[in-house]
Structures are given as structure tokens and as C-alpha cells.
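Let the hints inform the model, and build the full structure from the sequences given.
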Amino acid sequence: MFAINGEIILIIAVICLVFLTVIPLAVNAQMSGASSNSPQWKLVWSDEFNGPDGSPVDSTKWEYDLGGWGWGNEEAEYYTDRTMNVYQENGFLVIQAMREKYESWEYTSGRIKTKGKFEPLYGRIEARIKLPFGQGIWPAFWMLGNDIDTNNWPNCGEIDIMENLGREPYIIHGTIHGPGYFGAGGPTNLFQSENKKISADFHVFAIEWDPNQIRWYFDDQCYYSIGPDDILDKWVFDHPFFILLNVAVGGSWPGYPDETTVFPQKMLVDYVRVYQKQ
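For the working numbering, add 36 to where a residue sits in the sequence shown, where the first one is 1.
Read the hints as simulated data drawn from the structure, not as lab findings.
Just so you know, these numbers come straight off a predicted model, no measurement behind them.
Where is the CB? At the ideal position from N, CA and C, for every residue including glycine.
Some clues are possibly wrong.
[As the list claims (entries may be wrong)] Computed cross-link-like contacts, DSBU-like style, restricted to lysine-lysine with a CA-CA straight-line distance of at most 30 Å:
| hint | residue 1 | residue 2 |
| --- | --- | --- |
| 1 | Lys-232 | Lys-97 |
| 2 | Lys-153 | Lys-313 |
| 3 | Lys-302 | Lys-97 |
| 4 | Lys-151 | Lys-137 |
| 5 | Lys-137 | Lys-232 |
| 6 | Lys-166 | Lys-153 |
| 7 | Lys-166 | Lys-302 |
| 8 | Lys-166 | Lys-270 |
| 9 | Lys-232 | Lys-153 |
| 10 | Lys-149 | Lys-78 |
[To be verified] Simulated DEER-style distance windows between Cβ atoms:
| hint | residue 1 | residue 2 | range |
| --- | --- | --- | --- |
| 11 | Asn-109 | Pro-205 | 40 to 50 Å |
| 12 | Phe-299 | Pro-264 | 40 to 50 Å |
| 13 | Asn-86 | Glu-110 | 32 to 42 Å |
Right, dumping it as C-alpha cells:
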């Protein structure tokens, strides 16, 4: 009886060891995601930002959003097309937020978009970015539905590939907005770095978007997914979207700069790349 029990105990121990070994591997495989180097992806559009130092962005790929009306978020900056705020340098796009008097505004920054120039439907959309930091600083890499001029926000749809609040140096947010689910009610999730501020290094922020799902990635680690069956209202992510990059200053969500906020603040973008399945 003792020998039989010993054999049983040994068998159970082996099974448990195998189980504990396999499960983490399965979880890691599920969360690691598909890299853009995977043979399933074909590069269809990119900007590597290799223009001359101090030059504006490529006008065949980008246009500027201009103005200082708060942008629906009570933002405190004026977006300009000056090469003080948006320029290329050392192989990077630089979007620079500055504290300066500009018309009636206390800050300037930049916001660019591919509207009317490149508007993908589905694929892997990624950018390698080094984030700015500080209270009231709000960098974003995101997308809007290309029908926004005839189908107002949020009905056109919005995909926030990456948003960061300067007061949350270890966290990025991934969100969608659409009819009936927008603002604070937009389905969202976050990625939290355990021991290092996200702004300390470059990181690759991406989504993989297909008819059935949108998946969010931080350095090829999937941390969130959502599909039509996960929301009660209309799924509007079935038409082309354009890409935006900006650094907002202040707003109802991030709050406003204070005495701890250092200016200027720069978001460095190594590249933006869009892949579609072969």
C-alpha cells in the first residue's frame, strides 16, 4: 500500500510539474502577439523621418491640425505648423511642446495627421516612440474615422493606440470611442510597466486590427483586445481611418502643468509603419 501510494504521489508530482511548466508558456504565447517581422505582414506605408535636420514633415504624407480652441478636451496649447513645434532631426520626428505666449495661449505644440493622404482599413499600425513626461503632458498616437467631416465624432470612431498622462509615468492607455461609448465611457485598458518609467526608453506601440477584433501591443506584448461582440452599441471600426500624432498640454483628463512640469517637452518618433496581411 505504501509503495502504491508512493508511485501515485510520484505520478501526481510529475503531472503537476508538467502542468505548471506548460501553462505559463501558453499564457506567454497568447500575450506575446505577432511581430511585424512575421511573414504574414507586408509593409504598405511608412515614414522613417529621415529628412534633413530642422525640416518639416513630408507634406505628401502628413498635414497639420492648427489652432487653440481646446479640441473638445479643454486643452491649453495652440497647435502650430512651425518647425519649432514639429520637425525632423537625427532620423526622428520631434513634436515639441513649449511654454510660450502665442496669441492668447500659454503653450504651443504640434499635431499631425494622414487625413486625405493615407487612410488604412485594417492591418498592423505601429510606431516606435520615446514619450515626453510631466504633469499636464498628454502624448498620443491614435486614429480617427475618415468620415469625420460628414459623420461627427464619436460616430466616426476613434482608436487610441497609445495615450499617456504625464502624471502616470508607468502607464499607457488603449481605448476606442464610438456611438454610445465615448469619453470616460469608452472601452479601455492599460499597460503598466512594473519598474521603469515608460518615458525612459523608446517603445513600439501598435494595434492589430481586423474585421473581428482590435488588439493592442506594447513592445509586441498584447495587453488588450476588443471586438464587435464586446460592445452593446454599433461597431464602427469597419471603414478607413487616418493616423494622428500629437502632444497635448493640459486638459480635463490629464490636468494642467504645474511648478514641477519642465518645458520644452519632446515626443520623439523613430518611425510609423503600417502592415497588411499578405
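(message) If you test the structure against every hint from before, which numbers come out violated?
(response) Numbers 1, 5, 8, 9, 11, in rising order.
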